[in-house]
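Undergrad: Chain by chain, the residues:
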Amino acid sequence: MKYLSYVAVLVVGLLVQVALLRFATVLGVAPNVLLLATVVVGLRRGQIAGMLFGFLSGLALDLTTATLVGPSALGHTIVGFVAGLWYGYSVGLNRGASMMVLVLCSSVHEFVMAGIHALTPGAGFGFLLLRWALPGVVYTSLVGLMVFFLLPEKVWRARPVTSLRGLL
Amino acid sequence: MRRGLSTFLPPQEYTILALLVFLVVALTTSSTRTSMDPPRLAVLALVAKVSRPVAQIHEWLTLRRDNAELRRLNAQLVLENARLAEARAENERLRALLAFTEQTPLRFVPARVVGTSTQGFVNSVVLDVGRNKGLHKNMPVVSAEGLVGKLYTVGHGQSLAQLLTDRNARVSARVQRSRVTGIVRSVHSTLFLLEQVPKRADVQVGDVVVTSGLTPLFPPGLKIGTVSEVSEDAPGLFMTISLTPAADFGRLEEVLVVCNTGGSTEAVRP
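Chain order of the listed sequences is A and B.
Each residue of the first sequence is one higher than the one before, starting from 1 at the first, in the numbering used here.
Each residue of the second sequence is one higher than the one before, starting from 1 at the first, in the numbering used here.
These are computed hints drawn from the structure, not numbers from a lab.
These numbers come from a predicted model, not from an experiment.
Check before you lean on any hint, since a few could be wrong.
[To be verified] Between beta-carbon pairs, the in silico distance windows are: (1) A/L145 / B/E229: 32 to 42 Å; (2) A/K154 / B/R72: 23 to 33 Å; (3) B/A26 / A/L150: 35 to 45 Å; (4) A/N94 / B/G206: 51 to 61 Å; (5) A/V7 / B/V230: 27 to 37 Å; (6) A/L145 / B/V25: 30 to 40 Å; (7) A/M100 / B/Q76: 32 to 42 Å; (8) B/V205 / A/V11: 26 to 36 Å; (9) B/V205 / A/F127: 22 to 32 Å; (10) A/G126 / B/G206: 53 to 63 Å.
[What the hints assert, rightly or not] A few chain B positions that, by computed beta-carbon distances, are all more than 12 Å from chain A: (11) P39; (12) N67; (13) L70; (14) R107; (15) V109; (16) A169; (17) V180; (18) V227.
We treat Cβ as the ideally placed atom computed from N, Cα and C, and that holds for glycine.
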């Protein structure tokens, strides 16, 4: 049953991302709610769950774009891994620290995306960082503020799972 | 024994990370544009189904503003139409003199934007029409202002269009006044570049840039943008020409798909 809830979060997150957040873009950038969800899954359930959720959510995002499949899947997988590093401390993590984890994860994600897209001809890595990555980090973090400061703590606090067997 | 073996193995998390990264690399390198169509269309069908009511509600909310804008535009177009009617009559007389054949008028299928990829690095939109309206891959997508992009994947009742603002999009273009040709690519949604134009070519600020028609993908004459800056300072053989895009990519709600471009759209692979 708990896996169904993650599937539901993924589907709802994807629909919100593609159908709703296009009305909330600033300078062509929208917050990445699926990345936010990946961070929360990583904090709540650890690296393995975070990586699996990140991989699937990134893959779903890639499938809604007219380009090669893979960049978002890779970025979100790494985010799940990084967010899960704090899983052991997440029970005692306060809201501010959780926000810092989100900012770090979002930065890592945008850095990876800029690195991948800098491989194609056109604008360079520095331009991609300043034009897309930085606004993306800021916007996603602002939305993260709402999650960590307005929603109840049980939404993002850790649950004790220590292995793949525990997860499954 | 088990404990001894586990000391030589990397932690489970690293193994899974390596597996997932390998899977991503395998997917990226092995998947062609068409091989990912079935899962892509399944996701798009879900998105389109849920997004249609959202788009409908948004349309209702913006109806008043759009109505005022359309009234203003209508008055402007009535005046312009009168002027163009004169020009058309003159054009027909000259064509008759030169025995030119009449070009086939373009046929459009209207489509509503029901989803957008909101990642800054790639730009595409989900449309609520597909093969059910006779659409195929690579058909051009335009708005009232000008060229918007082309169809990337087409499902039964939805399709995915790659916008000109996508970093991978390129269009063969021509300066309308001087007929100088080049290639347009996007820097971001409000800045395009016209590239491969030799220095000393006749390009001025304010010139309109349109599709060249040199490739079968886009019919000639679709407006892409207006020249906003011309510079010959860069090293090399070519000028740096900045364009202001004609279409407002931040406010795409309804678009038109061009169904007859004069060439076989299905056979073209960019």
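Undergrad: A separate judgement is required for each hint: does it hold in the structure or not?
TA: Results of checking the hints against the structure:
Hint check: A/L145 to B/E229, Cβ distance near 39 Å, so the stated range 32 to 42 Å holds. A hinted range of 23 to 33 Å is violated for the C-beta pair A/K154 and B/R72, which are about 52 Å apart. For the hinted restraint 35 to 45 Å between B/A26 and A/L150, the CB-CB distance of approximately 40 Å keeps it satisfied. Here the CB-CB span from A/N94 to B/G206 is close to 57 Å, well matched to the stated 51 to 61 Å.
Our hint of 27 to 37 Å for A/V7 and B/V230 is violated, since their Cβ atoms are close to 53 Å apart. Between A/L145 and B/V25 the Cβ separation comes to about 34 Å, which falls inside the hinted range of 30 to 40 Å. Between A/M100 and B/Q76 the Cβ separation comes to about 53 Å, which falls outside the hinted range of 32 to 42 Å. The supplied range of 26 to 36 Å is broken by B/V205 and A/V11, whose beta-carbon atoms lie about 49 Å from each other.
Remark: the range hint 22 to 32 Å for B/V205 to A/F127 is upheld by a beta-carbon distance near 23 Å. As the Cβ distance of A/G126 to B/G206 is approximately 31 Å, the hint placing it in 53 to 63 Å is violated. With a minimum CB-CB distance of about 6 Å to chain A, B/P39 fails to clear the 12 Å threshold, and the non-interface call is violated. Distance check on B/N67: its Cβ is at least 19 Å (rounded) from any Cβ of chain A, clearing the 12 Å threshold; non-interface status holds.
Every beta carbon of chain A lies more than 12 Å from that of B/L70, the smallest distance being close to 20 Å; the non-interface claim holds. No beta-carbon of chain A comes within 12 Å of the beta-carbon of B/R107; the shortest separation is about 23 Å. Every C-beta of chain A lies more than 12 Å from that of B/V109, the closest at about 18 Å, which supports listing it as non-interface. At roughly 9 Å from the closest C-beta of chain A, the C-beta of B/A169 falls inside 12 Å, breaking its exclusion from the interface.
Distance check for B/V180 against chain A: the nearest CB is about 22 Å away, which clears 12 Å, and the non-interface claim stands. No Cβ of chain A approaches the Cβ of B/V227 within 12 Å, the least distance being about 20 Å, so the stated non-interface status holds.
The structure shown violates the earlier hints numbered 2, 5, 7, 8, 10, 11 and 16.
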